[in-house]
Amino acid sequence: MDFTFSEREEAFRKEIEDFVDKELPADWVEKNIYWPAGYGTLAQFEELSPQVEQFTRRLAEKGWLTISWPKEYGGAGLSYTEQAIFHERMSYYRAPAGEIATRIGGPTIMLFGNEEMKKEWLPRIARGEVRFWLAYSEPNAGSDLSSIQTRAIGDGDDLIINGQKIWGTAAHVSHYAWMAVRTNPTAPPHKGISLVIVDNAAPGVTIRPMMNICGFYSFSEVFFDNVRIPKRNVVGEMNKGWYYLMVALDFERLAIPIGGFRRTFEEIVQYARETKHNGQALSQEPLIRNRLANIAIQIEIAYMLFWQTAWMLDRSLVPNIEASLLKLFTTELSQKLANTGMQVMGHYGQLEGTSKWSSLYGRVCLGCLDCISALVGAGTSEIQRNIIAMRGLGLPPK
Amino acid sequence: MDFTFSEREEAFRKEIEDFVDKELPADWVEKNIYWPAGYGTLAQFEELSPQVEQFTRRLAEKGWLTISWPKEYGGAGLSYTEQAIFHERMSYYRAPAGEIATRIGGPTIMLFGNEEMKKEWLPRIARGEVRFWLAYSEPNAGSDLSSIQTRAIGDGDDLIINGQKIWGTAAHVSHYAWMAVRTNPTAPPHKGISLVIVDNAAPGVTIRPMMNICGFYSFSEVFFDNVRIPKRNVVGEMNKGWYYLMVALDFERLAIPIGGFRRTFEEIVQYARETKHNGQALSQEPLIRNRLANIAIQIEIAYMLFWQTAWMLDRSLVPNIEASLLKLFTTELSQKLANTGMQVMGHYGQLEGTSKWSSLYGRVCLGCLDCISALVGAGTSEIQRNIIAMRGLGLPPK
Amino acid sequence: MDLGLSEEQEMLKKSARDFLKRECPKQLVRQLDESQEGYSSELWRKMAELGWLGLVFPEKYGGSGRDFLDLAILLEEMGYNVVPGPFFSTVVLGGLTILTAGNEEQKMEFLPKIARGEMILTLALTEPSASYDAASVKTKAVNRDDKYGIRGTKLFVLNANVADYILCVARTKETKDPEDGITVFLVDARSPGLTCTLLKTLARDKQCEVVLDNVTVSERSVVGKRDEGWPMVKDILQKAAVAKCAEMVGGAQAALDMAVNYAKERVQFGRPIGSFQAIQHFCANMAMDVGGSRFVTYKAAWKVSEGLPAALDAAIAKAWVSEAYGRVALSAHQIFGAIGFTMDHDIHLYYRQAKAAEIVFGGADFHRAIVAHELGL
Amino acid sequence: MDLGLSEEQEMLKKSARDFLKRECPKQLVRQLDESQEGYSSELWRKMAELGWLGLVFPEKYGGSGRDFLDLAILLEEMGYNVVPGPFFSTVVLGGLTILTAGNEEQKMEFLPKIARGEMILTLALTEPSASYDAASVKTKAVNRDDKYGIRGTKLFVLNANVADYILCVARTKETKDPEDGITVFLVDARSPGLTCTLLKTLARDKQCEVVLDNVTVSERSVVGKRDEGWPMVKDILQKAAVAKCAEMVGGAQAALDMAVNYAKERVQFGRPIGSFQAIQHFCANMAMDVGGSRFVTYKAAWKVSEGLPAALDAAIAKAWVSEAYGRVALSAHQIFGAIGFTMDHDIHLYYRQAKAAEIVFGGADFHRAIVAHELGL
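Chains as they are written, first to last, in the working numbering: chain A, 1 to 398; chain B, 1001 to 1398; chain C, 2001 to 2377; chain D, 3001 to 3377.
One should not assume that every hint holds.
With a Cα cut of at most 20 Å, we get these calculated EDC-like pairs of lysine to aspartate or glutamate [claimed, not checked]:
1) K276(A) <-> E2023(C)
2) K356(A) <-> D2133(C)
3) K2200(C) <-> E332(A)
4) K1356(B) <-> D3133(D)
5) K2013(C) <-> D1002(B)
6) K398(A) <-> E1030(B)
7) K2200(C) <-> E352(A)
8) K356(A) <-> E2127(C)
9) K3264(D) <-> D1144(B)
10) K3200(D) <-> E1030(B)
11) K1276(B) <-> D3344(D)
No lab work stands behind these hints, which were simulated from the structure alone.
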């Protein structure tokens, strides 16, 4: 065993840090209020757009926007451990580092798309020119995705789509829907689903952004009313969408904002050190020390699961249970971190960032809300536990 | 609202205390190592038998052995609140205060037995002459009681019983099995069960006591090999056993060892006050204070649920959800109390009572084990949660 | 023992629930939360007409002569409906203090106006240290002739932005014992030198910074005894903690009810999600938290009502309910899933309140420390 | 990074699991737990033959020259099989200390004997205060000529009842700094004045009271430097904590495996109980605890192995694993239900170990305090 990084990896980490130091706007730490594992403030990456645009362009130039892609498709061709190092550092600095197109769309197209589709989409994604949003969930298909009802019916060279999607993060600031549709209504639920790419600007697409409880338009209701798309926008084979969707889950294994946990924790620790009450720093109070230590320990555990996942992927091992544990653990940690932040900060934890009395730019206040999205987004913790029990431990479904 | 007790109730409490003071052996506190809500050390009440016998006789003379019974059957005819006061005090002193015959058997016979059965059994139970054990569970029917397989087949005036029971507490030191048997194997599971009374001494009954992890013979495997019982030992009507069994659950509502929690907690607090480390009492350490306070709060909550249940019963209200909450809450509290005891006592918490270095007569050591039985006995916490969700909150079963 | 509500209490509870459902729909709650003032003068007037604002004042002060327990029951319903506004600060923090510690003149002046809905009050206790101990009171009131000049910064003052008068806790004497030398003043919110700035908070509950820059008040504005105000402040805090628990119990009950109803209706995988064991156990744990919270709260409220020593019971209630409400609200969010994460949904209104209520008047650790102290640890 | 076991480690792990399954069935575990000695001399001999007892000693001392991480992997398997006996006290507490801090003469005398299975050791550190700080060492060793007379009571000394030598931590100098003036002695367990009494414990793990009534030892028995023994003790404690974590990870894995297997087989309500969501989530949480524990333990063990500063990692591991193992063992008990509450079942063996392991070498709060300190809080 060896828990150190290779020289090459250390150099890469340094390169990332230098890059971030140079490219990330100086006021980023104030402006960006992303809470680790939350979804509610993600859209902020888009709203701060000139800055994000420029940073994204620079990332694309480095090949880091598509860091997990092979070189032939414009990626960086790095090892999983290097990808993990990249994700760790970028999330530590709360920097934008790709989205659905780069993380899910591109890799899926690489695996299952035909040559035409690869040529059409991969270079544009790699250059950061197109952004996808994830059009999976529907009002009656949340945890139970296989029951989606949005239909796509063939019409010559086209498909005509009718239905409604919901919860796709940042739909209103993206270009295309990466979308699951039902293409065979008579087949069993899992066998009649296809993956398609739909232009947000296509006639019949109506995007109605919804405000989330953090105050951001992070997700939308999107209506599809006789939306026509060319059949060449079907990803891979018709009716194999469910399988592609399951495979794509694996692409997200390292997209855990692990560094964000450490960073936010460090900020809270700093607060506890600097805040005195009756002459004694908060960090000297035994209960606060105990709770902060408990968070530190859990962050370390999350890191271990994170590196372990990367290490397994590099060795072509399947980190099924490890990746689920990592997801479940960080999801709950997001909430514990917010809670502990609130315990440390007390009344101050409640203040929004705009107040002159607020500390840590109001992160903990917003984090208290955003951590809820971690618990309910991208497969609830309950679903994660089901997966661990059934896939990981082999417990019977019935 | 009024949270005080009436003068009559206060006088009754005083009477109980005087009685316990006079009748309970002076060395009881050392000898009795009962852990609140545990089942593993209950049999000790029987093993200390000459003392228990005498105390039980005195209880019977007062009518307190059957405190919940109406006067006509030799009970005390008290209100539920008075019964609750009695249970609270008796459990505080960890005193024996009745068992299956007095708590379940007698009340069920009163409600559903015919006159002959009442005459035969109730006076003997009220005098403390007969002890029942609960013969419900079978190796393949634990949480799922309706699937019991032990058969009783009519043969003239008799029934012939074949099968196996398990987990009946104190079977080996009781006189009769209070037993659920299948009398109609073709009816739906719930509709073919009868309740019968079976003499432990009947030919064909083999009792094999099993040692539990606390080191006591608290429960047994009991085999029934062509055991013949008279049909008059069937309680109420044939094949209505499941219903009687469900009704009997309600008799247990106030049989919560609520006082035991307070008593044990007081002992741990006393330990924390008296034990000094580097000149400072453990009770001065903020983490220990926080944890002890947390237990104190939960004991108070349990008390509130307890009095509330009694109060509702006195007003003929049905404390369905309250009683389940009380059970669930005290069950988990039993384990938290043991954990906190261990945290306070550290190494000393691990010592059995026989050691010269042990404190609190080794209660916490044994409690750590016995609290497990609270979690798994008499309907697991999982089953209690199911009940609360479905009966209490009306959530659908399917 | 009598653990039931009296007929009058049942009526109060029922009429409050009906009234609030009708007059304070969630649409209005949301609107008030997002407004600057944080309350509706129309609703306020109606609450006055119903006698809520003077509920606990004797009739001679224009009140209905009900007791603290009745107030707790009303607050429970207000919590059930997450009613925004200065009711708590006016009646609990302001009115009860004047009723308990004010002189006859002050009572005659303030209580009837409160009861009629003509006056909004609040209490300015906490300062930048954000703590509830006497040592944290640094705001100074300096005596000159028969006047005082108050100087200091009060923080997290509820509803000060709309208050007519502010009960201001200040230090009038420096001694070794921080509990000695504290005086409470009734300060006109429009006094020269007083500036009030609204803070934006998680619960959108109109907490304010109140800066007192040599605000002049007269001797007449002293509530209770000069220099001996701390026991009074402790008494307010105790009552406020219990009152807040009542509000929280109501909120937790509402969150439970909402989640259970949703779990019965929402279908996934072909069955109501409430039929899944994981959701059932979530709900059972929520029911446990609500059931466990209610009667420790009532007991503390009853003790306050009866004038019995309530320090232990108040601390038990606040320590437990603070955390229990948060657990319930978070579990409700988990049951609602994504839909509950939208601003248009109601459940976040409860979660926000739970978070704010957890902290105000001392969090769980603060009150557990009191419990430990009261137990003689 | 390399988070996998080497081929040699895999072999060690596999052969240990096979050997222990064969040679140390639960029947034997139970028997040894209930015995006075708490170990089997036959099993001990076989473990010596396998090279386990000298695993981490250099070859010149009769060992196999493997490292601490290898030892951790072996301990994980011993924990998986809840192997009773003085392996931990002899190898970790005794052998490693002599290896690290002993002089050449001591190494030559003791290590080969340990490796051959001819000598059992232990460490006598804790006293009636049951704490792990230097101030708690009250046992005095008084120097007379070139001898010391040791007087004091050591408590919770593991396996002292069968030990040949006891590493005894004593105070040889009184100064203001409690960490100054501590010396470690190798005491012959058969010395006049030394009495050992077995304590009956939850884990039945043969903890002893060791009373030293003016036990005489020579200058030669000093391990390390006189008066400067505390850093050495801290080092032992750190290694012991990490080694104990390895044992716990193995135990937790076993409890998880047992529970999962049972959940797959046990049928209630017409289906395996493992198909109920409540049981599935129990198991998922257990898997979380096991998975979370393993690599923080390995990391700490690797740091110890590499001679890197390991204070933070050791404390992280011990703080977390202590509680995680307890949760896992308790959950396993809940899955097994009544059958698991019988003495004949195996699961309680794990629960008992979990409870003992939680406390020994400092509990979770103790180690969280170290974590806080190491983080600069």
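Evaluated hints:
Taking the CA atoms of K276(A) and E2023(C), the gap is about 45 Å. The hint is violated against a cut of 20 Å. The suggested pairing of K356(A) with D2133(C) is violated, with an alpha-carbon distance near 24 Å, which exceeds 20 Å. Pair hint K2200(C) plus E332(A) does not hold up; C-alpha atoms about 27 Å apart against a cutoff of 20 Å. With a CA separation close to 24 Å, the supplied pair K1356(B) and D3133(D) exceeds the 20 Å bound.
Restraint check: the Cα-Cα separation between K2013(C) and D1002(B) comes to about 18 Å, which is no more than 20 Å; the hinted pair holds. Among the hinted pairs, K398(A) with E1030(B) is inconsistent with the structure: their alpha-carbon atoms are about 49 Å apart, more than 20 Å. For the proposed pair K2200(C) and E352(A), the alpha carbon gap of about 5 Å is at most 20 Å, so the pair holds. The straight-line distance between the Cα atoms of K356(A) and E2127(C) is roughly 14 Å, inside the 20 Å bound, and the hint therefore holds.
For the suggested pair K3264(D) and D1144(B), the alpha carbons sit about 16 Å apart, so the restraint of at most 20 Å is met. Distance restraint check for K3200(D) and E1030(B): the Cα-Cα separation of roughly 17 Å lies within the 20 Å cut-off, and the hinted pair is therefore satisfied. Simply put, K1276(B) and D3344(D) have alpha-carbon atoms about 39 Å apart, too far for the 20 Å limit, and the pair is violated.
This entry does not satisfy hints 1, 2, 3, 4, 6 and 11, going by the numbered hints stated previously.
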